[in-house]
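Trainee: Below are the chains, spelled out letter by letter.
Number of protein chains: 2
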Amino acid sequence: MIQLYWKNATAAVVGQEHGLSPAELAAGEQQVMAAHAAVMGQVARGELGYVKLPTHPQYASQVKVLAEKHRPGTTDLVVLGIGGSALGNIALQSALNPTTYNLLSDRKRPGPRLFVLDNVDPAMVNDTLKFIGRRLKTTLFNVISKSGETAETASQFMIFREFLRKKLGDAFASRIVATTDSQKGTLHDIAREDGYDTLEVPSDVGGRFSVLSPVGLFSAAMCGIDIDALLAGANAMRQRVESTEFRSNPAAVLAAVKYLAYAEKSKPMHVMMPYSNRLYMLADWYRQLWAESLGKSADRDGREVFAGPTPIKALGTTDQHSQVQLYREGPNDKLVVFLEVAKHPAEVRVPDVFADVPGLTYLRRAKLSKLLNAEKTATEYALAVSHRPSVTIKFDAITPPSVGEFMFLYEFTTSLMGELLNIDAYDQPAVELGKQATFALMGRDGYNDMVKAIKPFTRTDKRYLV
Amino acid sequence: MIQLYWKNATAAVVGQEHGLSPAELAAGEQQVMAAHAAVMGQVARGELGYVKLPTHPQYASQVKVLAEKHRPGTTDLVVLGIGGSALGNIALQSALNPTTYNLLSDRKRPGPRLFVLDNVDPAMVNDTLKFIGRRLKTTLFNVISKSGETAETASQFMIFREFLRKKLGDAFASRIVATTDSQKGTLHDIAREDGYDTLEVPSDVGGRFSVLSPVGLFSAAMCGIDIDALLAGANAMRQRVESTEFRSNPAAVLAAVKYLAYAEKSKPMHVMMPYSNRLYMLADWYRQLWAESLGKSADRDGREVFAGPTPIKALGTTDQHSQVQLYREGPNDKLVVFLEVAKHPAEVRVPDVFADVPGLTYLRRAKLSKLLNAEKTATEYALAVSHRPSVTIKFDAITPPSVGEFMFLYEFTTSLMGELLNIDAYDQPAVELGKQATFALMGRDGYNDMVKAIKPFTRTDKRYLV
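If you're matching them up, the sequences are chains A and B in order.
Under numbering that gives the first Met the number 0, the first sequence has 20 at position 21, and the numbering climbs by one with no breaks.
Under numbering that gives the first Met the number 0, the second sequence has 428 at position 429, and the numbering climbs by one with no breaks.
Relax, there's no trap hidden among the hints.
Identical copies look the same in the list; a pair holds intra-copy or inter-copy alike.
As a list, the in silico EDC-like pairs of lysine to aspartate or glutamate whose alpha-carbon atoms are at most 20 Å apart:
(1) Lys-369 to Glu-148
(2) Lys-434 to Asp-444
(3) Lys-454 to Glu-431
(4) Lys-165 to Glu-192
(5) Lys-165 to Asp-351
(6) Lys-68 to Asp-225
(7) Lys-136 to Asp-169
(8) Lys-342 to Asp-395
Quick caveat, the hints were computed from the structure, so don't treat them as lab data.
Next comes chain A alone, as it looks inside the complex:
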C-alpha cells in the first residue's frame, strides 16, 4: 500500500509563510471536498473514462490473450507511440523490471527486449533499425495511436512497416499489433486491410490517462509484468480516493497540499523526486499528466487565467549533487514530492572493509537501502530547516499493485486539481497550432496561410545570429 505523509508541508514545520496553517487547511479542505463532489458526480454519470479502467471487463484479458500468443516467438518489442502512448509504457517497464533488462540474455528476461520510440530523431530510429534488423523475424511492433495520424507515430509506422514488408514479404502483418480506435480512423483502417492483431484505445480516455488501458498494458504484459495485480492496485486506490472523509483520502489531501502551495504559497514548481532509479520514469509520466492537464490559459468560464504548476522531475540521491543547492537556497518557489521505498527490489550491503580509514568506517556493513533512505530523510530535513515544504509518498515496495495505486492516485488528484483551478483538465488546445505549423512546413495541402504566417521563423535573421 502506498501512503502520503504531509506534515512537512505544514506551517508547524516550515513556517507560516511557506507552510499550511490549520485555518488554511480547513478552508482548503472545504474547497477540495467541493471539487471531490463534482468529480464524483462526473464518475457517477460515467463521464470519466479513466476511472473505469481498473475494472474494465475485457481489456486485461484481451491483452493477455495477445501477449500469450506473441511472447514465445518474440525477442524484441518495439513500441511506436509518443506522449500518452509512450510514457506509461516506459514508466511501467522501468519500475517493474531491472535496469539491465534489455541487456539480459533471452533466457534471463521474462519477455522481449523493449524499445519505446517516442521521437522521430533520425539517429535514434536508424540505431534501432540497425539493431532489430538482424532479428526482424522475432521482433514485434506495437503501434499505438488513436487516429493513426500523429505525425511522429505515423512516419515511424510507415518506415517500419515498409522495412518489414521488404524483409518478410506477406508475413509482415503478423509482426504488428495495432492499438487504436476500435471503430474508425486511419490506423484502424490500415490494420483491418493489412490484417494486424488489434487492441483498443478507449474512445473516452485521453492519452495521458490511458496507461491502465491496452495502451500501457500490452508492452507490460509482454515483458512479464502482472497486469492483473497492477489493475488491482489501481482499483484499491480508487476505493480510497472515493472516500468523502478528507483526512483519510490521499488524493484529497495531496490535491489540497498541491493546490494551496500553488495558489496561496507561491509555489509554481512541483518537483517529483523519487529516491529510486526504478521510479524515476514515473516522474516523466507525471510531467505529462500534470502539465498537459493543468496548463490552461482560460478557465471554464472563459476567463484568461494562464494557470498551471510546472512539473519538474528529479532523482534522489543523484540530484542532491545537482539540484538541492538550488532547492534549499534559491527562490522558495517549489513544492517537493518525494517518493520513498521501504523495501527495495534487491538489497546490497557495504562490506566490512577499511576499518582503519576514518572517513569510511561509518559505511561498513550498511545496507544501501538504509543509506538511500537516510539521504532522503536528510534532504527532507535540510529543506525544512530552510522553510521549504515537502510531502512524501511512501511505497512499501515497488510492485505492480503499488505502481497501480500510485498511478490512479495521481490521475484522480489531477481531476481534483482541474476542479480547483476551474479548468478543463482533459483537453490540450495549445498543441493544435504547432501541429498545423508542422503540416505547413511539411508541405501538406491546404496550409498555405500558415506557410505565410510561419515564414519569418523559417528564415534566419543574421543580425541575431552569434
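Assemble chain B onto chain A, guided by the hints.
Mentor: Relative to the frame of chain A, chain B by itself:
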C-alpha cells in the same frame, strides 16, 4: 561550429512585456560586458581553473595512454561517481555514441559497454553486479572522487572493490582506475596502497566544471570518442567567448538574454529543449551547472538574495506531447533554449507508401530530420505567437568539436551569470547540511547533536499519514 540565434527573445517578436527591447538590451550589454571584464580578470589571474582545461598540457595524453592500455582487454566500463563525476560522462557518451551502444556486440562497439552508476539505489547496484559478475575479468572500474569520501561513491567503491578482490584475488587492482586528487585524500591513499592506475581531479576545478578534465575524458576515450577534437572545440569556443565585442560573443549574448529574462521579465524557469535524443543528456549536465552554480541565498556582499533560475530539461518533439501545452498556455514564466541540429548523425527517409491515405500523404518521402526540425520551428512559432520567448543554439552536426564548444559556452555563460547575480558561482554551501544529517542517520561518530535535531524527521507522525 555552434551558433546562437536570439531574435525570438526580443520585444519585436514576443512583445514588450516578455521580450527584450533595444533599450533593455543596451543596458544589459553594459552589465554583461562589465561582468565579462571581471571574469576575464579572473582568467588572467589564473583563478578559473576550468578555462585552462581545453589546452592543458598533460591531461589528454595521460588519459589516452591509460585508455590505450585498458581498451583492448575491457568489455565493460563501470564509472563510480555522482554529480560532476557522472553527468559529463553520461552527456558525452549519449551525444557521441549510438542509443543502442551498450546493446551492440563487442565487434560493433568502438569500446566497452559503459555504465555510470550515479546513485546508491540497491536494485540498480544489484542489477549491475549481476550483469558484470559474469564478465568481471574484462570489466574495468573508474572510480571518480576528489576526496574519496562522497558517501555514494565511497560505498559503491567499497562494494565493487571487495567483489573484485573475492573473484580475482591479487589481480583486482589492475581492474580499477582511480580519478582523484593527485596529492592527498582517502581515495588517493587507497589507490597508492592498492596500486591502481590513477588520473587527476584538478585541484582548482569544481566538480560541475570538470567534464573536460580526466573526470569526463577517460570514459569518453575508452568508448572511442575523439577527446582531442572535443578539447579543440572547447578551445575554439574559448576564443569566441573571450571577445570583448558583445554581439559577436555567444556567451555574452546568451548571458544577457538569460539574465534579463530572469531579472527583468519574470522568467525564473530556464528550459533546455534539444530536438535530438543524443543531446538530451547535455540538458542534465546543464541542470547541475546552472542550479548548483547560481542557486544561492546570499550574494557576495552577504545580502540575502535567494537567487537562481531553475533549469528544466525537455526533449523535442517528445515533450510537445507532454509539456508544450503548459509552455504555451500556462504562466508566462519560462525562457526556452532550443538545441537544433542541422545534420544529424544518420538520416532515415519515410518511404513512398499510402499514397491513397489522405492523412499520411504529406509524410511520404520526407526525411525524419526535416520532420524533426519542422516541428522545432513550429513549436518556436507557436510559443512566439503566445508571447513566450525562446533562443536556439544551432549545431551544424553532433560531433566532438561541437559538443566541446557547447560545454565551454555554457560554462563560461555560467561564470558571467554569477557575476551578474553577484553571487559565488563556484561553491555549494547548502549541500553541507544534508551531508551532516546523513552522517548522523548512518551513525557516524561525532554527530550526536545532529541526531537530536533530525529526530522529528525520522519518526512518522501518524496524524499526517494518509
